[in-house]
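Chain order of the listed sequences is A and B. Residues in the first sequence are numbered from 1 upward in steps of one, following this note's numbering. Residues in the second sequence are numbered from 1 upward in steps of one, following this note's numbering.
Simulated from the structure, these hints should not be mistaken for lab results. For clarity, every value in this text was computed on a predicted model and none was experimentally measured. C-beta atoms are modelled at their ideal positions from N, C-alpha and C, and glycine is treated no differently. Errors might be hidden in some of the hints.
What the hints assert, rightly or not - The calculated DSS-like cross-link candidates involving lysine-lysine, where the alpha carbons are at most 25 Å apart (straight line), are:
1) Lys67(B) x Lys106(B)
2) Lys91(A) x Lys288(A)
3) Lys170(B) x Lys151(B)
4) Lys178(B) x Lys91(A)
5) Lys288(A) x Lys178(B)
6) Lys67(B) x Lys94(B)
7) Lys106(B) x Lys94(B)
8) Lys94(B) x Lys151(B)
9) Lys124(B) x Lys151(B)
10) Lys67(B) x Lys288(A)
11) Lys88(A) x Lys264(A)
12) Lys124(B) x Lys67(B)
13) Lys170(B) x Lys67(B)
14) Lys94(B) x Lys13(B)
15) Lys124(B) x Lys178(B)
16) Lys288(A) x Lys151(B)
17) Lys88(A) x Lys170(B)
18) Lys288(A) x Lys170(B)
What the hints assert, rightly or not - If you want the footprint, here are the derived chain A segments under chain B, 3+ residues with CB under 8 Å:
19) 307-318
20) 331-345
Unchecked claim - Not the full set, but computed from the structure, chain B residues with beta-carbon under 10 Å of chain A:
21) Ser89
22) Leu213
23) Gly217
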Amino acid sequence: MATSNVRHALFCAIVTIVISYPILGLNLEAEGINIVLTGTDATTIVAIACAALIVFLFQLFRDSVMGKLGAVSDLNPLTGRKPMEQDKRAKLESWVLTGLVVVALFWPFFSSRGAVDLATLVLIYVILALGLNVVVGLAGLLDLGYVAFYAVGAYTFALLSQYYGISFWMALPLGALLAGLFGLLLGFPVLRLRGDYLAIVTLGFGEIIRILLNNWTNVTGGPNGIGGIPDPTLFGMEFGRRVKEEGNTSFHETFGIAYSGEHKVIFLYLIALVLAIITALIIRRLMKMPVGRAWEALREDEIAARSLGLSRTAVKLSAFTIGAFFAGFAGTIFASKQGFISPESFVFLESAIILAIVVLGGMGSQIGVILAAIAVTILPELAREFSEYRMLIFGAAMVLMMIWRPQGLVPMRRLHITLKTQE
Amino acid sequence: MLILEDIHTHYGKIEALHGVSVEINEGEIVTLIGANGAGKTTLLMTVCGSPQASAGRVVFEGRDITKEPTSQIMRSGIAIVPEGRRIFSGLTVKENLHMGGFFNTKSEIRESQEHVYELFPRLKERESQRAGTMSGGEQQMLAIGRALMSKPRLIILDEPSLGLAPLIIKQIFEIIGKLRDDGMTVFLVEQNAHQALNLADRGYVLETGRIRLHDTGANLLVNPQVREAYLGG
Ligand SMILES: Nc1ncnc2c1ncn2[C@@H]1O[C@H](COP(=O)(O)OP(=O)(O)OP(=O)(O)O)[C@@H](O)[C@H]1O
Ligand SMILES: [Mg+2]
Chain A
1 MATSNVRHAL FCAIVTIVIS YPILGLNLEA EGINIVLTGT DATTIVAIAC AALIVFLFQL
61 FRDSVMGKLG AVSDLNPLTG RKPMEQDKRA KLESWVLTGL VVVALFWPFF SSRGAVDLAT
121 LVLIYVILAL GLNVVVGLAG LLDLGYVAFY AVGAYTFALL SQYYGISFWM ALPLGALLAG
181 LFGLLLGFPV LRLRGDYLAI VTLGFGEIIR ILLNNWTNVT GGPNGIGGIP DPTLFGMEFG
241 RRVKEEGNTS FHETFGIAYS GEHKVIFLYL IALVLAIITA LIIRRLMKMP VGRAWEALRE
301 DEIAARSLGL SRTAVKLSAF TIGAFFAGFA GTIFASKQGF ISPESFVFLE SAIILAIVVL
361 GGMGSQIGVI LAAIAVTILP ELAREFSEYR MLIFGAAMVL MMIWRPQGLV PMRRLHITLK
421 TQE
Chain B
1 MLILEDIHTH YGKIEALHGV SVEINEGEIV TLIGANGAGK TTLLMTVCGS PQASAGRVVF
61 EGRDITKEPT SQIMRSGIAI VPEGRRIFSG LTVKENLHMG GFFNTKSEIR ESQEHVYELF
121 PRLKERESQR AGTMSGGEQQ MLAIGRALMS KPRLIILDEP SLGLAPLIIK QIFEIIGKLR
181 DDGMTVFLVE QNAHQALNLA DRGYVLETGR IRLHDTGANL LVNPQVREAY LGG
C-alpha cells in the first residue's frame, strides 16, 4: 500500500471530523438571554469517531473496494449477462405487472390507514415522475420547474371548488387540461433554449408560479392557502360521517356498514392507483407511437431530426404539454388528499425530488421510475428518525448510483434490441 | 429542378455567402467543391431553410421555398445527408431507417426499406445493432439509407467521404452513381475533388462565399486552376 494512500486516508478522516463535530457534536442552547455552547453526549462523539474511522478505512482500501463495486456493475443487462429472449421477457414482465396490480388493489384492505395514505402519496409521485419522464427522459428537455404544473392542477381544483363548488370528478380533467395549457404556453418561449439555459428558465417559471400563488392573496389566499377542498365521491356517495352536499348520500349508510374514516383513504388510494395505471399505459402507448419516436430522435440529434422534416416546435411542445397534463392530474389528487393546499407544497425542492426520481429510476424507463418513486417516498418515512438527513441520504444515493449504475436503476431498454451472437 | 439565385446568407452580422447562384437539373449529379470554410455546408443548409437566405431565392421544382420552414422543405421531396452523418446512435439501424420515413405510410416504409437493404446489404445484416456501435463506413451508409427512406427526388450529400478509407469511399461513390441511374437528382458537396468531379455531370467551385468556376465535371478535372488548388497540382 502506497504511503500516499495512507496520507490521503488520514486527511479524509480529519476532514470528516472537522465537518461533523461542529454540526453534530456541539449544541447551541438558550440559557435565559444568553446562548451557551454545550458538547453532546458520548454516543454522538463515538458515532463521529466511527464515521471518521470508516472514511479512513474506505479511503485506504479505496482501489480494491471500487474495483469490486465496478465488478458489480457488470450485472448491467446490456453489458454482462446474455439478455433474456424478447418475448420471454415481455411475458414475464406482463405477469409481474399484473401480479403487482392485483396486490396493489387488495393490499389497502389489510393494512393501516397511515400506510394507505403514504401509498397514495407514492402513487402521486409515480404519476408526476412518469409525466416528467416524458419531458426529461424521452424528449431530453431538462425541466426544473415541473412543480408549477402540479401546482396548477392542485389550485385549479381548490379554486374551482371554493368559488364554483365544482366536484373532484369535474376538476380532474379540468386541472389536467389547464396544466397542459400552461405547459403549452410556457413551452413557447423556451423552445430555442437547450440544456443549461432551458433548465434555468424553467426553474424561473416554477418560481414565478409559486410566487404568484403566494402573493395573489385575494384569490389564492396567499401563504394561508385554501382549505376545505372536497373529497371525491363515488356515484354521488360521500365518504364523510355526514353528507355535506345536497342530493348526495353517504357511503356507509347506503351499504349499511359502520362509518369508518378508512373508507375515504382507501377510496382515494384506489383512484390514485387507477390514474397511475392509466398514466403509465397512455405514456407507454405514446412511446411506441410516432410522437414518441420523434421525442427520442430530437433528444438524440436535433439537427438530424430536423433534416428528416420533424418540426422542432411541434415535437418539443407536445412533450411539454403532455408532461404538464399529467402533473395536473397528480395535482388534483394531491389537493383532494390533503384537503388543504398552500404554495409551500410547490417549492423547488419538489421539482428536484421528482427529477431525482426520474434520474434514479433510469431516464426513459417506466418500471425504473415507478420503483424509484416508491423508494424515494417510502425510505424517508421508514427512517423517520433520520428525516432531517433526508437530503443527505438522497445525495449519498445519487453518488452511489453514479458509481454503480450510471444509467439508473432500470435503464431504458430499447424495445427491439436483440444482440446477435457472433458466428 | 433546384435553382439558387444570388443567395446571400448571414450568421448574425457575418455574411457567409455573397451572392451564390447554382442550378441543378433533373437527373444530374452536380458537385460543389471548395476549401474548408468556403461556405459549402452553409449553402446546403440554406437550401434546407436553416439558416434562411437573407437575400436571393431558392426555387425547387418551380416553387419558391426561400422562406418556408425547414420541416416543410424537408417533407417536399428533398433529403439531406448532413455533414458528419448524424445518425441516431442510441437507436438501432432499423429504427434509424424508419425515422427517415417518418411521414410515409407503413407500406411505403417497407418498400423503401427493401430498396435501401438492396443498395446496402451490410445494413440488413446489422439491422438490430445500435447505430452508434457501427463503423464509420457503415454509419455513412446508414445516413444515406435514412435519407433515401422518404423517397426524395433530390438528395443532398455533405461530404459523404469524410474520414473514410479509400475502398469505402469508392463503394459510396458507386452507390451515388447508381442513384442517379435510377433517376434521382444528386447535389454532392465534396473535399475529395478528384472522385467527385469524375462522377459528376457538372461542378461548381466555391471560394469564400462566391462561385469561382462552373463547368462540366470533365472540364473542371483538367482545368489548371482547379488542378492547382484542389487536385494537388
Ligand atoms: N453556425 C455558425 N455561426 C457562425 N458562423 C458560422 C456558422 N457556421 C458556419 N459559419 C462560418 O461560415 C463560413 C462557412 O462555413 P461552412 O461550414 O459553410 O464551410 P464549409 O465549406 O462547409 O467547410 P468544411 O469543408 O470545413 O465543412 C465559415 O467561415 C464558418 O466559420
Ligand atoms: Mg462543411
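We went through each hint and held it up to the structure:
Our distance criterion of 25 Å between C-alpha atoms is broken by Lys67(B) and Lys106(B), whose separation comes to about 31 Å. For the hint pairing Lys91(A) with Lys288(A), the CA-to-CA distance comes to about 18 Å; that is within 25 Å, so the pair holds. Only pairs whose Cα atoms come within 25 Å are accepted, and Lys170(B) paired with Lys151(B) is accepted, the gap being roughly 23 Å. Our distance criterion of 25 Å between C-alpha atoms is broken by Lys178(B) and Lys91(A), whose separation comes to about 45 Å.
As the CA atoms of Lys288(A) and Lys178(B) are separated by approximately 35 Å, the hinted pair breaks the 25 Å bound. Only pairs whose Cα atoms come within 25 Å are accepted, and Lys67(B) paired with Lys94(B) is rejected, the gap being roughly 33 Å. Straight-line distance between C-alpha atoms of Lys106(B) and Lys94(B) comes to about 14 Å, which keeps the hinted pair within the 25 Å bound. Distance hint between Lys94(B) and Lys151(B) is fulfilled; the C-alpha atoms sit about 16 Å from each other, no more than 25 Å.
Proximity of Lys124(B) to Lys151(B) is assessed by CA-CA distance (about 18 Å); at most 25 Å being required, the pair is judged to hold. For the proposed pair Lys67(B) and Lys288(A), the alpha carbon gap of about 33 Å is over 25 Å, so the pair is violated. Simply put, Lys88(A) and Lys264(A) have alpha-carbon atoms about 40 Å apart, too far for the 25 Å limit, and the pair is violated. Distance restraint check for Lys124(B) and Lys67(B): the Cα-Cα separation of roughly 38 Å exceeds the 25 Å cut-off, and the hinted pair is therefore not satisfied.
For the suggested pair Lys170(B) and Lys67(B), the alpha carbons sit about 37 Å apart, so the restraint of at most 25 Å is broken. Pair hint Lys94(B) plus Lys13(B) does not hold up; C-alpha atoms about 42 Å apart against a cutoff of 25 Å. For the proposed pair Lys124(B) and Lys178(B), the alpha carbon gap of about 19 Å is at most 25 Å, so the pair holds. As the CA atoms of Lys288(A) and Lys151(B) are separated by approximately 24 Å, the hinted pair is consistent with the 25 Å bound.
Taking the CA atoms of Lys88(A) and Lys170(B), the gap is near 44 Å; set against the 25 Å cutoff, the hint is violated. With a CA separation close to 38 Å, the supplied pair Lys288(A) and Lys170(B) exceeds the 25 Å bound. Counting residues of the stretch 307-318 of chain A whose CB lies closer than 8 Å to any CB of chain B gives 7, which reaches the minimum of 3, so the coverage claim holds. Restraint check on the stretch 331-345 of chain A versus chain B: 0 residues with Cβ-Cβ distances below 8 Å, three needed, restraint violated.
Against a cut-off of 10 Å between C-beta atoms, the interface hint on Ser89(B) holds, since the closest Cβ of chain A lies about 7 Å away. Interface hint status for Leu213(B): violated, as the beta-carbon distance to the closest one in chain A is roughly 29 Å, over 10 Å. Residue-level restraint check for Gly217(B) is violated (minimum Cβ-Cβ distance to chain A is 26 Å; threshold 10 Å).
The earlier numbered hints that this structure contradicts are 1, 4, 5, 6, 10, 11, 12, 13, 14, 17, 18, 20, 22, 23.
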